[in-house]
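*Asks:* Sequence:
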Amino acid sequence: QVQLVESGGGLVQAGGSLRLSCAASGRTFSDYRMAWFRQAPGKEREFVSVISKSGDSTYYADSMKGRFTISRDNAKNVVYLQMNSLKPEDTAVYYCAASLQAGTTDYWGQGTQVTVSS
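To get my numbering, take the position in the sequence shown, counting from 1, and add 5.
A few of these clues could be false.
[Claimed, not checked] Pairs of lysine-lysine, DSBU-like flavour, derived with a Cα cap of 30 Å: (1) K81 - K58; (2) K92 - K70; (3) K92 - K48; (4) K58 - K70; (5) K48 - K70; (6) K81 - K70.
[What the hints assert, rightly or not] Across the chosen pairs, the derived CB separations fall in these ranges: (7) E94 - S59: 25 to 35 Å; (8) S30 - D67: 25 to 35 Å; (9) Q106 - A28: 18 to 28 Å; (10) R32 - S123: 37 to 47 Å; (11) D111 - S62: 15 to 25 Å; (12) K92 - T63: 17 to 27 Å; (13) S35 - S122: 35 to 45 Å; (14) D36 - S90: 27 to 37 Å; (15) Q6 - S122: 33 to 43 Å; (16) S123 - G71: 13 to 23 Å; (17) T120 - S59: 29 to 39 Å; (18) G31 - S122: 34 to 44 Å; (19) S122 - S59: 35 to 45 Å.
The set of hints was computed from the structure by calculation and includes no laboratory data.
Think of the CB as a built atom: it goes at the ideal place given N, C-alpha and C, for glycine as much as any other residue.
Whole structure, please, built from the sequences with the hints as guidance.
*Replies:* Here is the structure:
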């Protein structure tokens, strides 16, 4: 079992920045690919970014490229999402997720709210 706890969400003005953190516990953190997803009100959950187990490979959804940066610290069991140049359409609940294999999600966090005002 892996427990994931997100933090760092909040209210920010358009153009501002936030850094989300997701602390993991319970299993060997470096065994898992880590990803961020988000879900806006009335919309389906969507993929944001993923990082490999070692942290040497990352991938982003097109709308986040150049604005968001995912990283991880395997010594601290934490994955981060640095979000810059935020837009009102980035408003959503952001979730981190852990997966042993590509294409599956084994564990979800409870989410953290990000609200971007115009």
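*Asks:* Are the hints correct? Go through all of them and say.
*Replies:* Against the structure, the hints come out as follows:
Restraint check for K81 and K58: the C-alpha separation of about 14 Å stays at or below 30 Å, so the hint holds. Taking the CA atoms of K92 and K70, the gap is near 13 Å; set against the 30 Å cutoff, the hint holds. The hinted pair formed by K92 and K48 meets the criterion: a straight-line CA distance of about 17 Å does not exceed 30 Å. At most 30 Å may separate the alpha-carbon atoms for a hinted pair to count; K58 and K70 meet this at roughly 20 Å.
For the hint pairing K48 with K70, the CA-to-CA distance comes to about 21 Å; that is within 30 Å, so the pair holds. Annotation: proposed proximity of K81 to K70 holds, straight-line Cα distance about 26 Å (limit 30 Å). E94 and S59 have their C-beta atoms about 32 Å apart, which keeps the hinted 25 to 35 Å range intact. Checked against the given bound of 25 to 35 Å, the beta carbons of S30 and D67, roughly 32 Å apart, stay inside it.
At roughly 22 Å, the beta-carbon separation of Q106 and A28 lies within the given 18 to 28 Å, and the hint holds. In this structure, R32 and S123 meet the distance hint of 37 to 47 Å, their C-beta atoms being roughly 41 Å apart. At about 19 Å, the CB distance of D111 to S62 agrees with the hint of 15 to 25 Å. Taken as a hint, the range 17 to 27 Å holds for the pair K92 and T63, whose Cβ atoms sit roughly 21 Å apart.
Between S35 and S122 the CB atoms are about 37 Å apart, so this pair conforms to the stated range of 35 to 45 Å. Checked against the hint of 27 to 37 Å, the C-beta distance between D36 and S90 comes to roughly 33 Å, which is consistent with it. In this structure the hint that Q6 and S122 lie 33 to 43 Å apart at CB holds, the actual value being about 37 Å. At about 20 Å, the beta-carbon gap between S123 and G71 stays in the expected band of 13 to 23 Å.
With their beta carbons about 33 Å apart, T120 and S59 fall inside the hinted range of 29 to 39 Å. Between G31 and S122 the Cβ separation comes to about 36 Å, which falls inside the hinted range of 34 to 44 Å. Between S122 and S59 the beta carbon distance is about 37 Å. The supplied range of 35 to 45 Å therefore holds.
Checked against the numbered hints above, the structure violates none of them.
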